[in-house]
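Using the hints provided, position chains S, P, L and A with the ligands relative to the given structure of chain U.
Now for the letters of each chain:
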Amino acid sequence: MCFTQNFWSLLISGLADGFLYALIALGYTLVYGVLQLINFAHSEVFMSGGFAGYFVLQATLGSHTTSGWGSVGYVALGIAAGAAGGGVVAFLLERVAYRPLRRRKAPRLAFLISAIGASYFLYNIAGKEFGHNALEIPAPFTNLPWFSIFGAPVQAYYVVIAIAAISMLLLVDRVVSSTKLGKGIRAVAQDAETASLMGVNINRIISQTFVLGGLLGGAAGFLFGLNAGVVYTMGFTPALKAFTAAVLGGIGNVRGAMLGGLVLGIAENLPMGCVQTAWRDVIAYGILAIVLLFRPTGILGERLGRAA
Amino acid sequence: MSDPLELTEIPERTVTSAALPPDQRTPWHKVVHNDDVRRLFACVIGGFVLALMTGPEGDGINMLSGVDGALRFPHLGICLALTVGLWVLITVRHRFGERARTASARVSALPARLLPNAKFRGLALVALLALAIVYPAHLNGYWQSVLVQQVGIYVLLAIGLNVVVGYAGLLDLGYIAFFAIGAYSDAFWTGALPIHPPANLNPFWVIPIAIATAMLAGVILGVPTLRLRGDYLAIVTLGFGEIIQIVAINLQGVTGGAIGTGTIRHFALHVLGINYVWGLDPLPYYYLLLVFVVLALFAFHSLEHSRIGRAWAAIREDEIAAEASGINVLKYKVMAFAIGASTSGFAGTLVASQIRFFEPGDFTVQLSILILVLVIFGGMGSLPGAVVGAAVLEWLPQYLHVHPLFGFQQQDLYIYFGAILILMMIFRPEGLIPSRRRRIELGLAEHGIGTADAMTAGASPSEPAGLP
Amino acid sequence: MSLLQLVDLEVRYGAIPALRGVNLSVETGEIVTLLGANGAGKTTTLRTISGLQHPASGRVLFEGRAIGDVAPHDVLALGVGHVPEGRRIFPQMSVLENLEMGAYRRRGNLREDVEHVFSLFPVLGQRRRQEGGTLSGGEQQMLAIGRALMSHPRLLLLDEPSMGLAPLVVKAIFEIIARIRSQGTTILLVEQNATQALQLADRGYVLENGEIVMSGAATDLLGDPRIRAAYLGETAAH
Amino acid sequence: MTSAAPLADGLPATSPEADLLVEVEKLTLRFGGLTSLSQVSLTQRRGEILSVIGPNGAGKTSLFNCLTGVYTPQEGRIVFHRRDGRDISVVGVRPHRVNRFGIARTFQTSRLFNALTTFENVKIGVESRSRTGPLGAILHLPHTRREERAANARVRELLEFVGLTHRAATLASSLPYGDRRRLEIARALGTGPELLLLDEPAAGTNPAEKGDLVDLIRRVNRDRGVSVLLIEHDMGLVMSLAERIVVLNFGQVIATGSPAEIQQNPAVIEAYLGAPEAPAEGAGDVAESGEGA
Amino acid sequence: TAATHHAATKTYTIAYEGPLSGGNQQLGLNMAYSVQLAIQQANAGKTFGKLPFKLAYKAADDQGSATQSPTTAQSLIGDKSVIAVVGPAFSGATKAAEPLYHAAHLATVSPSATLPALADSGWNNFFRVVADDDAQGPADALYAAKKLHVKSVFAVDDASAYAVGLVDAFAKRAKQLGIKVTHQEAPGTTQCQAGNGNVQQYGALATDIVSSKANAVFYGGYYCDFALLAKAVRAAGFTGYLMSDDGSLDPHYVAQAGAAIADGTYLSCACTNLGNTPAAKAFSTGFRKLAGFPVGTYSAEAYDATNTVIAVLKKLGARATRPAVVAGLHKVIYTGLTKVVHFQPDGNIAGSSVYEYQVKGGKIVELGMVSKLVK
Ligand SMILES: Nc1ncnc2c1ncn2[C@@H]1O[C@H](COP(=O)(O)OP(=O)(O)OP(=O)(O)O)[C@@H](O)[C@H]1O
Ligand SMILES: Nc1ncnc2c1ncn2[C@@H]1O[C@H](COP(=O)(O)OP(=O)(O)OP(=O)(O)O)[C@@H](O)[C@H]1O
Ligand SMILES: [Mg+2]
Ligand SMILES: [Mg+2]
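Protein chains in written order, with the numbering used here: chain U, 1 to 308; chain S, 1 to 468; chain P, 1 to 238; chain L, 1 to 293; chain A, 1 to 375.
Only chain U is shown next, with the shape it has when bound in the complex:
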């Protein structure tokens, strides 16, 4: 009974969450694929996207918002700025916190610690520089229901997320499965040394992978900030959830990340008719644990190679 009660509304918010998770999860999955490394600082890449979007929109439009087609341009500009910000931070992150370690073939735990360090550093310095209050990104649309599906109100924000996410996800899927960059990424993921014997510049591929993940993470950061504002701690929870989603779908697997994001988003939302909001994360982690126990490589299995 309680499951069917608000089924459509919950499904819609689940999908919106899921798309956001998927965008972030892709960053984890790509980096995991090539480095077998959980990029703990991806949450800060996400945050940087939020701030970049905020600053660029402030600098160009101030607190004016646009309407009609202008608002499409507004959101597109924000996404582009967020993606750029995320990409730049991801690139720097790889240069500073990972590459020196890779050069000396540090064990994975060292990468993990370095990542945690980078995460601490980045979000705290963001707090110091940009203040500890959430900054509002003025949205070019209202928060009132736009139209409804099966009686469930849909807000413009959800539509924005869905369109932006689907197009970006399709793009990345194409990049990874059929471009040269994608082939390089997959080759490095499967056997980096041999890839270098094939003429793949490993360092460059890794950089590009980080940037690719950063672009998506940053764009997600802007999309998230468009509703919730941007603040230095904004990355933590969404990123943790997205990481869960990546593992759920099969980490290192591009389509797995997308699927995992959607599954997690929906799975978190649907039972909300039955249980208190506060139990939401328990459900999310519970599902993760159960999936891992019965299917230890996630829903679609691991490895970037399978992404084709």
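Watch out, some of these pointers could steer you wrong.
Claimed, not checked - Which bits of chain S does chain U cover? Going by a derived footprint, with three or more residues having C-beta under 8 Å, they are:
no.	segment
1	241-251
2	414-423
Stated by the list, open to error - With a Cα cut of at most 20 Å, we get these calculated EDC-like pairs of lysine to aspartate or glutamate:
no.	chain 1	residue 1	chain 2	residue 2
3	A	LYS360	A	ASP263
4	L	LYS26	L	ASP84
5	U	LYS180	P	GLU131
6	A	LYS146	A	ASP134
7	A	LYS281	A	ASP346
8	A	LYS172	A	ASP134
9	A	LYS10	A	ASP79
10	A	LYS172	A	ASP263
11	L	LYS26	L	GLU75
12	A	LYS146	A	ASP346
13	A	LYS372	A	ASP79
14	A	LYS289	S	ASP281
15	A	LYS331	A	ASP346
16	A	LYS54	A	ASP79
17	U	LYS180	U	GLU193
18	A	LYS363	U	ASP173
19	U	LYS105	S	ASP231
20	U	LYS105	S	ASP35
21	U	LYS180	P	ASP113
22	A	LYS58	A	ASP79
23	A	LYS58	S	ASP412
24	U	LYS105	P	ASP69
25	A	LYS80	S	ASP281
26	A	LYS180	A	ASP79
27	U	LYS105	U	ASP173
28	A	LYS175	A	ASP134
29	A	LYS147	A	GLU366
Keep in mind that the hints were calculated from the coordinates and are not lab data.
Nothing here was measured: the structure is a model prediction, and the numbers come from that model.
Positions of the beta carbon are idealized from the N, C-alpha and C atoms, including for glycine.
Structure of chains S, P, L and A with the ligands alone, referenced to chain U:
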């Protein structure tokens, strides 16, 4: 010999100038590949970052006011001077510093040469213990409190987690959950929770019960999840940590919820005519803690060098080979997990008893990560490392904060903390005081043998190689 | 000028020397084989040539250029193909994708090259869509060689192509190697299987503990009693 | 290198039923769509050296993995008849339990504990049979110390046996290739097996080392009474050691018999050996026909 | 001479204990700068005229955590120049540290710890300038029932000690008044403070709220999360009243939710508007200048708490001791910006009345005292 410049047609060449014969000049746009120049570049950027780190707080109203304030002349100048000065030092050392290097190597090798000497080691340990007993009594209340709540507790937590991460190679990101379980056990048995215990216990006997409870929780969590691979274990334990916190918040009728517990009774001992109550004064708690830390150190040291420690080492390196050699991998993992959990549980009990109150907000994921950082900073798998790492990282910020000369803003602490972690991993990944085995593993990993941690363990035998 | 020349090459793993002063040369069009016991340093030699390992001292000259510190992807671009020890197929790429990876640094139409590889190894043609990881050992070896050929190497480094393969497959592989040379690719072949390697090669070197202890025409080596004793197992098994 | 005479000497010729060691019956193992073993049946007698040969990918290593509990076959039965009379079904049992029953193995690519010394590597095998628990280890109880002394003695004895005494303190990672193979065998013997599974122990060793290896395997079998199941591509080595040979192809048993029989078997020649020839030469010097595996 | 006179002047340190790092940093900073400002102004002679002593400021970071708080307290107790403490900011931290302060006879005046039980523990050194949850929650319920005629309310708390107590008190009274109450916990998010909740939770929660057919939402928690919830419920089509507490009484609420969404929201506080008095202006401009950001939640309370302490010190002159300050605080009557500060024997603020506010045209406007409004 043909013109070396022909090679520049190939993009992204990594020829270093050192590899070329001296008569071949490097084109200008390749200059950054020169190690000195690259380091200078890094140092200049470091200077800017340092300026940001030490600069004024931004206000979130005027965009980038903090950045603006930080990058003004005198401040930026000082920071740049510092980092460029560092570059000069490094460069001089690299170019002319053969002598300096050997000298410093000799100094840093000193402890290593002395330590294997059993007599020296014994003496040093006795001296340290004496110091640990006598010195704190001369500190003021604040430092005593720091010694218990910051240093002591975290030392205990770190040596416990060291068993899990350092010995068995299991990445546990939910370690603080067991701390919470210990603390709630204490609160429960002393009647500080909304639900009441079946029997009223002498508050000292709570300790073994809390330890056993935490251990049991470790086993219950461990048996299903320790079959999982390294990274998955990390995320599942992370989730477990979150779940414990959420449950503690939500089950208001059981735990008191977000408001926290009632007033917990201090430890008290009433046996054989001894009547002692631990009070508000931190010092008695310090000694209790010291006893447990010393016991734990002794126990874990023995374990490390027993067949159990060897089994852990084997599992860490190659789980499949360990299983094929008759080692019950799951059993040993659960054992490590349970030992770590019970240590964490005891720490929780002690904190609960001393402060007499706690709330679910005290058990954040960040705390689990912090303890992990202490272990790794000190040197994974090394008991002295865990002790020193925890002591230094917990004590130093307090010191810097209080000391008039530094008195840096507490709110900037984690910025420095993050920077230290990155620099540490780049320049000394084995930690402050590395264990012998760990150093070997890292060395092997650097030469492409093994991965130096069990994070990939459990992968299929035909798993292709990762990075070179 | 030799196509490849190693001059006083020294390579270390940490403090342990793996190669100590190796001098070796390969002329265009030759098959040169490098023999030696396990751990003699054969793989290390090949890895150093292709840039996976860097020399502690000494020089690697390819067509006269020093390439000792050049990264592997750039060595490949110079015309060195490497079939690594243990095949190292990309396990989750199809046969076709593996071949395409071989031509990663090249632009343009790969059809012809792919067809050429399939003509050398008809089995691969039948399995072009199969994932590399599910091929049998012999097929993987063929794929590894075919993949290296895709970059049009002038020098092909082959590291123990017969390792762990059934006798029948070994035979086929050696035939292919002969054909590849006849099509104009110079080959440096590392082998345990000394008899067959020497029967195929023009010249040979023998490596022991990181040093060249013997070299000469393949036929001479094949006849040398010391070689027969140590590497051809004449007196080995009772 | 003489003809491969079956080495049945020293074994009492009781009825084959009585001294069966392993019975594998209709074993089928699938990975997704790929069947790597199908309906494989074979038996090994106690004290026997049995060899499994076959082209690459035939399923030899998979068979080992089933026998040691690494993989659980979808169908079939594996029964292990222990010396003490207990019959144990191996299917679905975890690898460490299988090892405890008395089946030890080495790996196709050696898996040593590289950061540990040679001595410690063997000790880990030996100690997997000790009883000391955490309390004993912490408190240094007398029986703990007794056990430790006994273990050390046994490790020394095993190192002597495989000829690695002089390498006891060396890190496993810095051992030469041949020594790594011996160390793996010593570690496996340390667990006190009745059956030892060797997966291509001679792969990548030179003829001289091969000779030593043949000798070692024979001593393991004769002096220690350990039955050996051997995967090897080197026909010379197989022919000189094995009493019987099982040939796998595409996951199926295509032939079983004495070395002499196998060498004449047309199916085996077709699938694996190539045209018949004297087995005297080293590996590979055979065959004149056909396609790859 | 001036120099010797200056050297003879006594210096008292007023310390602040609260979160200066960690997820609750912003709330802590809101208060810390107020304390610092009050001290600066007093030293400059702007607020209390010429004082016979100098005041010093000392900040002590407890990260808002109960486990950290005792150590922090020890550092202040150990500093003999500390004469009184403004804080601890959080209820849990107060509960953990107060036994130590009590033993040291060091007065603590909290600007923000609202847990009712704090006043029942017999600590005579404990004071707070905010009304506890038992005063505010019921007033909100009364206003909803009598003034807004709410029949069914959906109450949400952010799982902080502050909000749980407040919403419980609210719910209890609301039920007595015949309102149907649905109560859910939605943990505060990392977006806003040290919560572990997830911003996405509000979408689903809003759905629940709409389908519960409640005609009012009462939120216990802070402005940032409340803004997110407000946006979500409006997006889900909720048309009833939005109500919240003093944690949400912050211009940021309007900014973050957007004026269109925030308009009409009712907010309550046991404090009156800062108004346009010169003192209030001096405070907000001074704060802005010192902190770099505008006055926020609990800033004014912290300012009042500090000035109350200074008022006591002024009376004691150069003879102030810790116990004397405690005694002085029990007697003080000081007219602050938010209220007249006068403590009951248990440390609670006396006669605190709850005021209702409403967002109108993007501004938060005071409607008046709840007890008067419902008449
Ligand atoms: N990554 C490494 N780290 C340390 N030592 C190594 C490493 N790789 C090889 N060695 C050592 O270098 C020496 C030469 O090894 P190499 O692999 O080149 O021998 P090889 O002749 O190819 O032997 P094989 O026939 O076994 O392939 C050996 O002693 C080996 O142990
Ligand atoms: N974990 C696995 N997942 C999927 N397929 C597998 C797995 N392990 C083995 N296989 C497949 O099972 C088949 C048999 O492999 P196996 O390793 O047993 O062959 P083998 O006879 O030992 O060959 P070789 O002589 O090359 O070692 C192969 O096709 C292999 O790809
Ligand atoms: Mg080799
Ligand atoms: Mg095999």
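Hints, verified against the model:
Interface restraint, the segment 241-251 of chain S with chain U: holds (6 residues with C-beta to C-beta distance below 8 Å; minimum three). Coverage of the segment 414-423 of chain S by chain U holds in this model, with 8 residues showing a Cβ closer than 8 Å to a Cβ of that chain against a need of three. Distance hint between LYS360 of chain A and ASP263 of chain A is fulfilled; the C-alpha atoms sit about 5 Å from each other, no more than 20 Å. For the hint linking LYS26 of chain L to ASP84 of chain L, the alpha-carbon distance of about 26 Å lies beyond 20 Å, and the restraint is violated.
For the hint linking LYS180 of chain U to GLU131 of chain P, the alpha-carbon distance of about 19 Å falls within 20 Å, and the restraint holds. Between LYS146 of chain A and ASP134 of chain A the alpha-carbon distance is near 18 Å, which keeps this suggested pair within the 20 Å criterion. Restraint check for LYS281 of chain A and ASP346 of chain A: not satisfied, since their Cα atoms lie roughly 32 Å apart, outside the 20 Å limit. Simply put, LYS172 of chain A and ASP134 of chain A have alpha-carbon atoms about 10 Å apart, close enough for the 20 Å limit, and the pair holds.
Only pairs whose Cα atoms come within 20 Å are accepted, and LYS10 of chain A paired with ASP79 of chain A is accepted, the gap being roughly 15 Å. As the CA atoms of LYS172 of chain A and ASP263 of chain A are separated by approximately 27 Å, the hinted pair breaks the 20 Å bound. For the proposed pair LYS26 of chain L and GLU75 of chain L, the alpha carbon gap of about 7 Å is at most 20 Å, so the pair holds. Between the alpha carbons of LYS146 of chain A and ASP346 of chain A the distance comes to roughly 31 Å, so the proposed pair goes past 20 Å and is violated.
For the suggested pair LYS372 of chain A and ASP79 of chain A, the alpha carbons sit about 46 Å apart, so the restraint of at most 20 Å is broken. With a C-alpha separation of about 42 Å, the suggested pairing of LYS289 of chain A with ASP281 of chain S is violated against the 20 Å cut-off. With a CA separation close to 12 Å, the supplied pair LYS331 of chain A and ASP346 of chain A stays within the 20 Å bound. Annotation: proposed proximity of LYS54 of chain A to ASP79 of chain A holds, straight-line Cα distance about 16 Å (limit 20 Å).
Between the alpha carbons of LYS180 of chain U and GLU193 of chain U the distance comes to roughly 18 Å, so the proposed pair stays at or under 20 Å and holds. Under the criterion of a C-alpha separation no larger than 20 Å, the hint pairing LYS363 of chain A with ASP173 of chain U is inconsistent with the structure, at around 48 Å. Using a Cα cut-off of 20 Å, the hinted pair LYS105 of chain U and ASP231 of chain S holds, with the two alpha carbons roughly 19 Å apart. Only pairs whose Cα atoms come within 20 Å are accepted, and LYS105 of chain U paired with ASP35 of chain S is accepted, the gap being roughly 19 Å.
Under the criterion of a C-alpha separation no larger than 20 Å, the hint pairing LYS180 of chain U with ASP113 of chain P is consistent with the structure, at around 18 Å. Among the hinted pairs, LYS58 of chain A with ASP79 of chain A is consistent with the structure: their alpha-carbon atoms are about 10 Å apart, no more than 20 Å. A distance of roughly 17 Å separates the Cα atoms of LYS58 of chain A and ASP412 of chain S; the hinted pair therefore holds under the 20 Å criterion. Note on LYS105 of chain U and ASP69 of chain P: the hinted pairing holds, with a Cα-Cα distance of about 18 Å set against a maximum of 20 Å.
With a CA separation close to 18 Å, the supplied pair LYS80 of chain A and ASP281 of chain S stays within the 20 Å bound. Note on LYS180 of chain A and ASP79 of chain A: the hinted pairing is violated, with a Cα-Cα distance of about 52 Å set against a maximum of 20 Å. Proposed proximity of LYS105 of chain U and ASP173 of chain U is contradicted: the alpha carbons are some 30 Å apart, above 20 Å. Simply put, LYS175 of chain A and ASP134 of chain A have alpha-carbon atoms about 15 Å apart, close enough for the 20 Å limit, and the pair holds.
About 15 Å separates the Cα atoms of LYS147 of chain A and GLU366 of chain A, which keeps this hinted pair within 20 Å; it holds.
Consistency with the previously given hints fails for numbers 4, 7, 10, 12, 13, 14, 18, 26 and 27, ordered from lowest to highest.
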